[in-house]
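Residues per chain are reported as follows:
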Amino acid sequence: MELRVTKNGTPSLRKITPYVFEMLQDIVKHASSDHPLAEGRFYPDPTTSDELLIEDWKGLVQPELQAIFQSSRDVVQADLRRAVNRNELLSCDIPLHHVNDWLNALNQARLALAAEHQLTDTEMASDISPTQSQERAAVLIKMHCYAYLQEWLIGQTE
Amino acid sequence: MAAVETPETSTIEEYLTDEPWNVIVHNDPVNLMSYVALIFRRVFGYDRERAERHMMEVHNNGRSIVWSGDREKAEFYVQQLHGHLLLATLEQSSSD
Chain D
1 MELRVTKNGT PSLRKITPYV FEMLQDIVKH ASSDHPLAEG RFYPDPTTSD ELLIEDWKGL
61 VQPELQAIFQ SSRDVVQADL RRAVNRNELL SCDIPLHHVN DWLNALNQAR LALAAEHQLT
121 DTEMASDISP TQSQERAAVL IKMHCYAYLQ EWLIGQTE
Chain B
1001 MAAVETPETS TIEEYLTDEP WNVIVHNDPV NLMSYVALIF RRVFGYDRER AERHMMEVHN
1061 NGRSIVWSGD REKAEFYVQQ LHGHLLLATL EQSSSD
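Residue numbers (the working numbering), protein chains in the order written: chain D, 1 to 158; chain B, 1001 to 1096.
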């Protein structure tokens, strides 16, 4: 996959292989996780000391956050649906006003993966070891790819 | 009835004290440093230098007080930060 910026300043993912495109589609799948560990990370308590506030937060703020997260996932899914096939490789433009949604959805996906698979700080910070299981290595590859895309998109907002 | 009156009294006392409320961001190994700094700029309108200082404080010390002031606004900021998936809490200064 190539990361480009078009002449009109639109971030664009080019020459996406089917494997990488599947990985991009998985952003929404992982971000939609309802695993208890992922949910716990998506909706942390706002305080440690005020039970009343925590209760109110769950009833009032959490539904708003759910709507924000869902909206970001919808934007990413719609952009991916518009991907264009060019000689068996796909291209996907990310309109500048969608970049925040991509950043949000990528963050959701990475947080969900890390929480569900209980990835350690060391695992996330180091190279993928050949001693790791194939499943865990695949998760870490996704984490790194999503982080790379996130970094690039952050650069486009500057 | 007593169970209802106690929190009301406590809430009034909280509002009467002059101690500001702190918005605290906690370290999270998943969120990218550049993303955290970007969110500080977006949510609080901080310049790059201030945003990065807070980000480094979170990274090195595990937490940073990113804003202090009245409770209502502190709750608003925590909600904004949660909307960007940052780990944030509010605490009154005296309890810090």
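If you are wondering where the hints come from, they were derived from the structure by calculation, not from laboratory data. Keep in mind that this is a model prediction, so the values were computed, not measured. A portion of the hints provided could be inaccurate.
Stated by the list, open to error - To give a feel for the contact side, a few chain D residues facing chain B, derived at Cβ under 10 Å: (1) L53; (2) G59; (3) D74; (4) N107; (5) A114; (6) I141; (7) C145; (8) E151.
As the list claims (entries may be wrong) - Facing chain D, according to a computed beta carbon distance under 7 Å, are these residues of chain B, among others: (9) P1029; (10) V1030; (11) S1034; (12) Q1079.
To be verified - What the simulated footprint calls covered on chain D by chain B, stretch by stretch (three residues with Cβ under 8 Å from a Cβ of chain B suffice, anywhere in the stretch; the number is not a length): (13) 42-49; (14) 61-72.
Beta carbons are placed, not taken as given, at the ideal position from N, Cα and C, and that holds for glycine.
Sort out which numbered hints this structure fails and list those numbers smallest first. 2, 3, 6 and 7
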